[in-house]
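*Asks:* Residues per chain are reported as follows:
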Amino acid sequence: MDSQDDSARVTALFPDPPQFWKAFTPANLSRFETLKQEYADQHGLGRNTVVRVPNLPEDLLYLQSPPEPEDQKWRLFSEPLSLKDELQDLEAAGIQRLAPPTLLDANKDGKHGDRAFELKKIAKSLLLNFLELVGLMGHNPSLGEQKVQDIKTLFLNFHHILNEYRPHQAREQLIELMQDQLDAKRAETAAIRAVVDKAKRALEGLGSMEIPGGGEEGEAMKVDEAGEGDGKKDGEGMEKVEVEKETWIRADEQFS
Amino acid sequence: MADRLTQLQEAADELANQFIACFYYLERRHDLEPFGPNDKIPDLKPEQPKEVDSLPPDVFQAGMVELARDLILKEQQIEYLISNLPGLDNSEREQEQLIRDLEEELKVAEAQRLEAVKEKQEVLAKLNQVLRGIRRH
Numbered sequence: 001m002d003s004q005d006d007s008a009r010v011t012a013l014f015p016d017p018p019q020f021w022k023a024f025t026p027a028n029l030s031r032f033e034t035l036k037q038e039y040a041d042q043h044g045l046g047r048n049t050v051v052r053v054p055n056l057p058e059d060l061l062y063l064q065s066p067p068e069p070e071d072q073k074w075r076l077f078s079e080p081l082s083l084k085d086e087l088q089d090l091e092a093a094g095i096q097r098l099a100p101p102t103l104l105d106a107n108k109d110g111k112h113g114d115r116a117f118e119l120k121k122i123a124k125s126l127l128l129n130f131l132e133l134v135g136l137m138g139h140n141p142s143l144g145e146q147k148v149q150d151i152k153t154l155f156l157n158f159h160h161i162l163n164e165y166r167p168h169q170a171r172e173q174l175i176e177l178m179q180d181q182l183d184a185k186r187a188e189t190a191a192i193r194a195v196v197d198k199a200k201r202a203l204e205g206l207g208s209m210e211i212p213g214g215g216e217e218g219e220a221m222k223v224d225e226a227g228e229g230d231g232k233k234d235g236e237g238m239e240k241v242e243v244e245k246e247t248w249i250r251a252d253e254q255f256s
Numbered sequence: 001m002a003d004r005l006t007q008l009q010e011a012a013d014e015l016a017n018q019f020i021a022c023f024y025y026l027e028r029r030h031d032l033e034p035f036g037p038n039d040k041i042p043d044l045k046p047e048q049p050k051e052v053d054s055l056p057p058d059v060f061q062a063g064m065v066e067l068a069r070d071l072i073l074k075e076q077q078i079e080y081l082i083s084n085l086p087g088l089d090n091s092e093r094e095q096e097q098l099i100r101d102l103e104e105e106l107k108v109a110e111a112q113r114l115e116a117v118k119e120k121q122e123v124l125a126k127l128n129q130v131l132r133g134i135r136r137h
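Residue numbers (the numbering used here), protein chains in the order written: chain A, 1 to 256; chain B, 1 to 137.
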């Protein structure tokens with residue numbers, strides 16, 4: 001029993017990594033880096049903009065990713081993919097196109113009102129076709145399948161037109177976002193300005209109050225700049241205390 | 001919340017679902033009315049699952065009316081969504097122009113904002129100084 005288990009375990013082992021992992025030795029890596037640097041210098045490119053170094057020695061080939069497929073197409077998990085991510089044509093997918101193909105034209109000045117009109121037409125047709133389908137199923141169910149196909153075509157066309165609209169909508173959304181950002185920035189600026197103005201007025205108020213004290217502020221600032229105020233003002237008499245009290249009362253008024 | 005295009009796509013899918021729901025209702029809940037003399041209603045043994053679970057005629061009728069109304073409502077909703085698609089009146093060129101304009105305005109606004117922040121910091125420093133000065137007296 002045990003040996004059987006063991007063999008089962010062996011067959012279930014994770015597959016080996018691809019052979020080329022052995023190429024990634026520190027020595028090879030540094031050689032590749034040097035070659036890349038040389039290539040970048042030769043062509044006056046930034047180091048990070050070099051994607052591929054051509055004519056690598058054979059043992060270093062694995063160190064860079066393979067080139068793009070020449071025909072711009074490849075398969076992944078048996079799914080065909082292409083470099084350009086394009087919306088598949090209805091015709092290519094084997095579906096009858098209902099809207100006039102002029103809608104497709106990459107006409108930059110074209111409005112999209114037509115598209116909305118087509119969509120509405122399709123929506124109405126869907127309802128009508130469903131009604132017809134229900135009627136057909138009542139009278140002659142064998143014809144129903146064809147009608148179902150019609151409805152399917154309608155739905156697919158509907159989705160297709162919507163997907164064609166996506167880039168337009170993306171731009172529209174970008175515009176909206178930028179507008180929001182602009183508004184937010186302006187609001188922030190205005191709020192800051194308002195607070196600054198208030199603070200300035202408060203300062204002016206303080207300044208005008210302190211005139212009877214005779215350059216209090218200036219003196220205070222000098223002390224400030226001199227570093228730690230070590231209480232050398234203590235001996236300057238009681239009138240300071242009075243001024244200070246008054247100042248604080250005014251300040252409270254200002255900021256309340 | 002999803003964007004309006006996605007909402008529209010979902011609404012279309014819901015419409016398809018409603019179609020199926022309607023069919024299911026008609027098929028399962030009809031009244032077993034024979035169309036002609038040749039039609040027969042098969043006798044089912046009690047233990048067999050019933051293919052058709054008939055509803056009383058008035059309830060069945062009411063259900064149909066409700067489903068039909070839902071269909072119309074969904075279609076109206078789709079049309080409403082279509083009319084509200086963003087930027088139907090903008091062409092691509094206009095959009096690009098708008099984006100560029102907004103970019104410029106954003107730059108200006110950002111500069112103004114930085115200026116305001118700078119001013120704020122200056123005032124803050126001044127205020128700090130004054131307050132500290134007052135405290136020292």
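Bear in mind the hints are in silico, worked out from the structure with no lab data behind them.
Bear in mind the structure is a predicted one, so any value in this text is a computation, not a measurement.
Glycine included, C-beta positions come from ideal geometry on N, C-alpha and C.
One thing to keep in mind: the hints can contain errors.
Said to hold, decoys possible - Computed far set for chain A versus chain B, every beta-carbon distance over 10 Å:
#1 Q42
#2 A123
#3 K124
#4 F155
#5 F158
#6 Q179
#7 A199
#8 A251
Stated by the list, open to error - Derived, one-sided and incomplete: chain A residues facing chain B with beta-carbon distance under 10 Å:
#9 L13
#10 F14
#11 A40
#12 K84
#13 H168
#14 Q169
#15 T189
#16 R193
#17 W248
*Asks:* All the hints need checking, so say for each whether the structure fits it.
*Replies:* Results for each hint:
no.: 1; hint: Q42; verdict: holds, 37 Å
no.: 2; hint: A123; verdict: violated, 5 Å
no.: 3; hint: K124; verdict: violated, 7 Å
no.: 4; hint: F155; verdict: violated, 6 Å
no.: 5; hint: F158; verdict: violated, 5 Å
no.: 6; hint: Q179; verdict: violated, 6 Å
no.: 7; hint: A199; verdict: violated, 5 Å
no.: 8; hint: A251; verdict: violated, 7 Å
no.: 9; hint: L13; verdict: violated, 45 Å
no.: 10; hint: F14; verdict: violated, 40 Å
no.: 11; hint: A40; verdict: violated, 32 Å
no.: 12; hint: K84; verdict: violated, 19 Å
no.: 13; hint: H168; verdict: holds, 6 Å
no.: 14; hint: Q169; verdict: holds, 5 Å
no.: 15; hint: T189; verdict: holds, 5 Å
no.: 16; hint: R193; verdict: holds, 5 Å
no.: 17; hint: W248; verdict: holds, 7 Å
Violated hints, listed in ascending order, are 2, 3, 4, 5, 6, 7, 8, 9, 10, 11 and 12; each of the other numbered hints is respected by the structure.
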